[in-house]
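Note that the protein sequences, when read in sequence, are chains A and B. Quick note on the working numbering: the first sequence kicks off at 1 and runs consecutively. Quick note on the working numbering: the second sequence kicks off at 1 and runs consecutively.
The set of hints was computed from the structure by calculation and includes no laboratory data. Please note: incorrect hints may appear among the correct ones.
To be verified - So, partial list: chain B residues that the calculated Cβ filter (under 8 Å) puts toward chain A:
#: 1; residue: T102
#: 2; residue: A104
#: 3; residue: Q248
#: 4; residue: G317
Predicted model, so just to flag it, every value in this text is computed and none were measured. Backbone N, C-alpha and C fix where the C-beta goes; we use that ideal spot for every residue, glycine too.
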Amino acid sequence: MTQTQNPTGTNPSTEVPRRTPLGVQPLTELQALESESIHIFREVAATFRAPVMLFSGGKDSVVMLHLAAKAFWPAPIPFSLLHVDTGHNFPEVLQYRDEATTFYGASLRVASVQDYIDDGRLRERPDGQRNPLQTVPLLDAITSGKHDAVFGGGRRDEERARAKERVYSMRDEFGQWEPRNQRPELWSLYNGRHLPGEHVRVFPLSNWTELDVWDYIEAEGIALPSIYYAHEREVVERDGMWIALTPVTPARDGDAVERRSVRYRTVGDMSCTAAVLSEATTVADVITEVGLSQLTERGATRADDRMSEAAMEDRKREGYF
Amino acid sequence: MPTTTTAGPTTGPARATGGDTGQRRTLLRLATAGSVDDGKSTLVGRLLFDTNSVLTDTLDHVEQVSRRKGLATADLALLTDGLRAEREQGITIDVAYRYFHTPARKFILADCPGHVQYTRNTVTGSSTADVIVLLVDARKGVVEQTRRHLAVASLLRVPHVVLVVNKIDLVDYAQDVFTRIATDFSVLARSLGVIDSHCIPVSATEGDNVVTRSSRTPWYEGPTVLGYLETVDDTKRAVGADLRFPVQHVIRPQGAPLAPWAASAPAVDADYRGYAGKVESGRVRVGEEVVVLPRGSHARVVAVDTPDGPLQEAVAGQSVTLRLDTDIDVSRGDVLAGTDAPPAPVRELTGTVCWLAERTLTVGARVLVQHGTALTKGIVRSVDGALDLAFDSGGAPHWEPATQLGLNDIGRVRIALATPLPLDSYKEHRATGAFILVDEADGWTLGAGMAGSTAIPTGPVSGPTPTAAKVDGTTPQK
């Protein structure tokens with residue numbers, strides 16, 4: 001890690017400007033998306049009292065952190081980061097989370113699901129999944145931090161309920177989303193006014209797709225946790241998904257344990273995130289693979305979205321991202 | 001580049017192409033509009049399906065649901081029903097955003113429901129759209145809803161409108177049916193002052209002329225829907241306009257430690273003071289003189305900063321940080337404008353408002369006015385008329401006397417402002433002529449406003465009536 005480099009990997013004192021005058025050419029897709037996201041970050045920072053950004057070390061939140069850093073350059077990011085740690089996160093991702101926080105000069109607060117289970121405020125679910133348990137610690141952290149704006153890395157291409165989400169998403173005191181009663185969002189005039197107790201979830205990556213995220217990671221030379229790239233692991237096939245053997249997902253009787261080359265498309269909780277078979281060891285390989293994939297990101301790897309036809313919508317209504 | 005063994009956020013080697021990745025794929029924003037049952041969901045489903053934007057697991061789901069409903073083939077409309085209530089009730093509640101791309105372009109599609117608060121949804125989807133895709137049923141032709149959607153597109157100055165004459169299979173691919181509808185539409189588009197329009201005969205169910213050219217409409221020589229979207233001129237008009245740069249945020253790290261990776265930048269010292277914002281229109285160059293509105297003081301741009309290094313010039317759409325040569329007072333809410341034709345700050349705005357709330361807009365009402373990055377208080381001085389689209393009687397749109405506006409009404413208002421705003425005419429500057437009205441008490445967005453005179457010519461439509469649209473569907477241009 002080189003502290004003097006900026007996140008693009010270029011050194012502003014020596015490099016030629018990346019963006020040449022454009023004439024009447026419109027911005028490229030990535031320039032337009034980056035610019036829109038930076039605009040959103042600046043609007044929130046300028047108009048809310050205590051924003052906070054969710055940061056897990058997953059690729060969307062990494063891109064979001066990178067964009068936040070760019071939005072306020074050369075000043076530091078003017079808000080802190082929050083991670084709701086389920087206690088079942090991949091160790092590689094937690095290590096990355098801490099290093100990235102330092103690299104970008106941000107401060108991180110961790111809300112721990114394990115603490116809630118240990119002192120009885122939450123109970124382990126019969127299916128062992130901890131993702132749904134994140135909502136209570138998240139809402140508590142928002143309340144105790146008096147946060148009026150919470151950045152999330154959600155993208156509208158991820159899931160059909162998210163396709164309906166505004167960039168600024170109003171939430172009531174209970175963190176609930178009411179899809180029937182969303183504010184119109186006009187031009188780029190974002191309206192974040194709200195009543196005391198309410199807060200706004202802000203999604204700067206709303207208009208990005210999985211492929212855009214990877215294209216941007218490549219273009220900007222952003223590093224990711226190693227498990228996004230192909231590596232060998234002991235896995236078992238369950239319900240059409242490749243589950244890695246971990247302390248929280250041990251082999252069951254009769255499991256055919258195999259050693260396969262896999263990578264992760266999403267890096268949520270170990271208890272519900274599956275790997276995909278892959279030989280992609282570089283960003284370029286991943287982009288090729290994502291372009292050819294016949295499965296959606298969540299459909300391929302997220303057990304929690306398979307629980308019901310409206311799993312994501314139901315969780316969002318309860319306050320989940 | 002990061003590899004399997006890289007755990008930390010080590011940055012890779014610099015890439016010569018930076019964020020450009022060598023390709024010039026551009027971004028086009030479009031919105032759909034149409035009445036219920038015109039086949040809008042099917043068209044959107046077809047666009048997604050035929051551009052391979054629908055992946056197997058999503059399609060499996062659609063096929064399962066279609067089978068359960070007793071359908072022989074997958075109902076593509078099901079691809080776009082996102083919410084539980086929508087699937088249960090078979091209706092679309094709110095705007096949904098879809099994404100697809102071709103080698104040439106990435107598309108952001110605002111899929112607007114055809115009914116239930118239609119103006120509200122169409123306004124929301126159209127405000128950022130470069131293109132509106134408007135649907136009609138070939139058996140019904142242009143109906144009142146089409147006229148309303150087109151009026152909204154015209155008011156919001158959407159640069160391009162394409163009329164999809166859907167269900168052409170149900171009229172036996174008849175050329176004369178299409179020609180009649182295309183003619184009606186082009187007359188209407190002209191009467192509403194629509195900038196550019198085009199018509200395409202389509203069967204969304206059968207896939208004719210959506211992504212693949214149909215052999216069943218040999219008389220049609222124009223592009224398919226996707227072909228149109230891929231080639232429509234997206235050179236942003238805004239780039240050629242006068243500079244408008246609303247200041248979002250003053251970046252002044254003084255005292256605070258710099259971002260660790262910014263410390264080496266030569267321009268950055270303890271006195272750094274930059275004005276962060278997005279160029280909404282025009283371009284800004286180093287050395288150029290700008291006027292700071294609403295105060296009217298002048299300054300010169302000494303640097304256009306980005307984290308990737310300084311630029312000589314930034315154009316509409318780019319988020320950058322400007323430094324000025326003098327330490328004049330500039331803060332959020334100010335607009336930096338070119339010196340050629342800066343907007344005059346006004347204490348009272350006149351404009352057209354699409355009213356989007358259940359409560360009524362009345363004279364004397366107190367509202368917040370959000371314009372660019374500025375927010376000020378306003379009092380509604382008068383309602384000077386509501387737009388009567390007069391389509392039932394086949395007349396021309398005209399202003400009717402009105403004293404208040406209700407949900408989905410479009411009216412002219414005068415609002416007194418607590419602090420002056422440098423409002424542009426929406427006709428010339430889509431970004432800095434726009435404003436929203438906000439409820440001071442609960443924060444709800446009440447209305448979408450466009451400053452200055454409306455784009456819609458009112459009164460009798462004058463000039464010769466075009467006799468027929470060309471068979472390729474192109475509307476005669478002025």
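We went through each hint and held it up to the structure:
A distance limit of 8 Å between C-beta atoms decides the matter here; for B:T102 the minimum to chain A is near 12 Å, and the interface restraint is violated. Using the Cβ-Cβ criterion of 8 Å, the hint placing B:A104 at the interface with chain A is not satisfied: the shortest such distance is roughly 10 Å. Look at B:Q248: its Cβ gets to within about 4 Å of chain A, closer than 8 Å, so that hint holds up. Satisfaction of the interface hint for B:G317 is found here, the shortest Cβ-Cβ separation to chain A being roughly 5 Å, below the 8 Å cut-off.
This entry does not satisfy hints 1 and 2, going by the numbered hints stated previously.
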